[in-house]
Amino acid sequence: MRADVQQVADGTYLVHGSNTNWVILTDGDAVTLIDTGYPGDRARLLASLTEVGSAPEAVRAVLITHAHTDHLGNAEYLRAIYGTPVYLHEAEVPHARREFLHQVDVGTVLKNGWRPGVLPWAVHAIRSGGTAHVPVTSPEPFPSAGPLDLPGRPVPVHTPGHTDGHCAYHLPDAGVVIAGDALVSGHPTSRIKGPQLLPDMFQHEKARAVASLDIFEGLKGDLLLPGHGPLHRGSVREAALQARERAL
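As numbered in my numbering, the sequence shown has no gaps in its residue numbers, which increase by one up to the final residue, 279.
If you are wondering where the hints come from, they were derived from the structure by calculation, not from laboratory data. Each hint should be verified, as a subset may be incorrect.
Claimed, not checked - The calculated lysine-lysine pairs, modelled on BS3-like cross-linking and capped at a C-alpha distance of 30 Å, are:
| # | residue 1 | residue 2 |
| --- | --- | --- |
| 1 | K142 | K251 |
| 2 | K237 | K251 |
| 3 | K224 | K251 |
| 4 | K142 | K224 |
| 5 | K224 | K237 |
Model the full assembly from the supplied sequences, consistent with the hints where possible.
See below:
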């Protein structure tokens with residue numbers, strides 16, 4: 032299955048999975064993988080590594096923005112088969128182990144089924160493994176503060192609200208912000224195009240999600256790589272301000 036791989040900067044690739052994005056940062060054939068899609072995206076994930084001239088055994092680490100199944104779906108596969116370390120914010124580590132699950136439940140989806148796009152999205156999510164139990168056996172907190180010693184030198188930025196330990200990743204030299212689900216540019220359940228928060232049913236704590244937009248306003252960059260939706264070109268600060276206006 033061919034992956035939809037878009038090079039957005041030197042050594043930086045945004046990959047569109049079935050409904051979720053992930054990012055590949057390269058240094059030669061070594062890579063940092065940020066998020067892993069749904070379990071059903073595995074073929075696309077592996078194909079995307081091939082597309083950028085790498086391979087799963089060359090993944091130095093998997094960084095997870097947050098432990099929802101559509102982002103965590105293949106992390107344990109890479110850890111178990113290739114020994115790839117899986118790093119998250121310390122508050123998200125127990126979430127990745129599935130000591131708890133802060134994710135929209137079936138009942139909430141059904142209550143919102145009248146909204147445009149919700150039922151088709153739910154069917155796709157189920158078919159892609161969105162309700163699968165995919166804990167990571169040995170997730171780890173980030174090994175250091177500041178830039179990580181990995182391809183791309185990503186800087187974790189704690190942006191809670193969507194989940195307690197949600198992290199964006201900043202590439203300051205490239206002007207890139209990998210936003211995960213804390214700031215997106217579209218979603219099958221949203222009729223809005225451009226920078227926005229995900230619909231309320233997906234937020235663990237909406238007030239904190241809105242407050243985390245302050246953090247994005249302070250990040251220098253002109254390329255926003257969201258967890259859902261297309262690449263957004265333009266000031267990340269302005270994107271966060273636009274998302275705030277739409278959230279209020």
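Hint-by-hint comparison with the structure:
At roughly 39 Å between alpha-carbon atoms, K142 and K251 are farther apart than 30 Å, so this suggested pair is violated. As the CA atoms of K237 and K251 are separated by approximately 24 Å, the hinted pair is consistent with the 30 Å bound. Distance check on the hinted pair: K224 and K251 sit about 22 Å apart at the alpha-carbon level, within 30 Å; holds. Under the criterion of a C-alpha separation no larger than 30 Å, the hint pairing K142 with K224 is consistent with the structure, at around 24 Å.
Restraint check: the Cα-Cα separation between K224 and K237 comes to about 20 Å, which is no more than 30 Å; the hinted pair holds.
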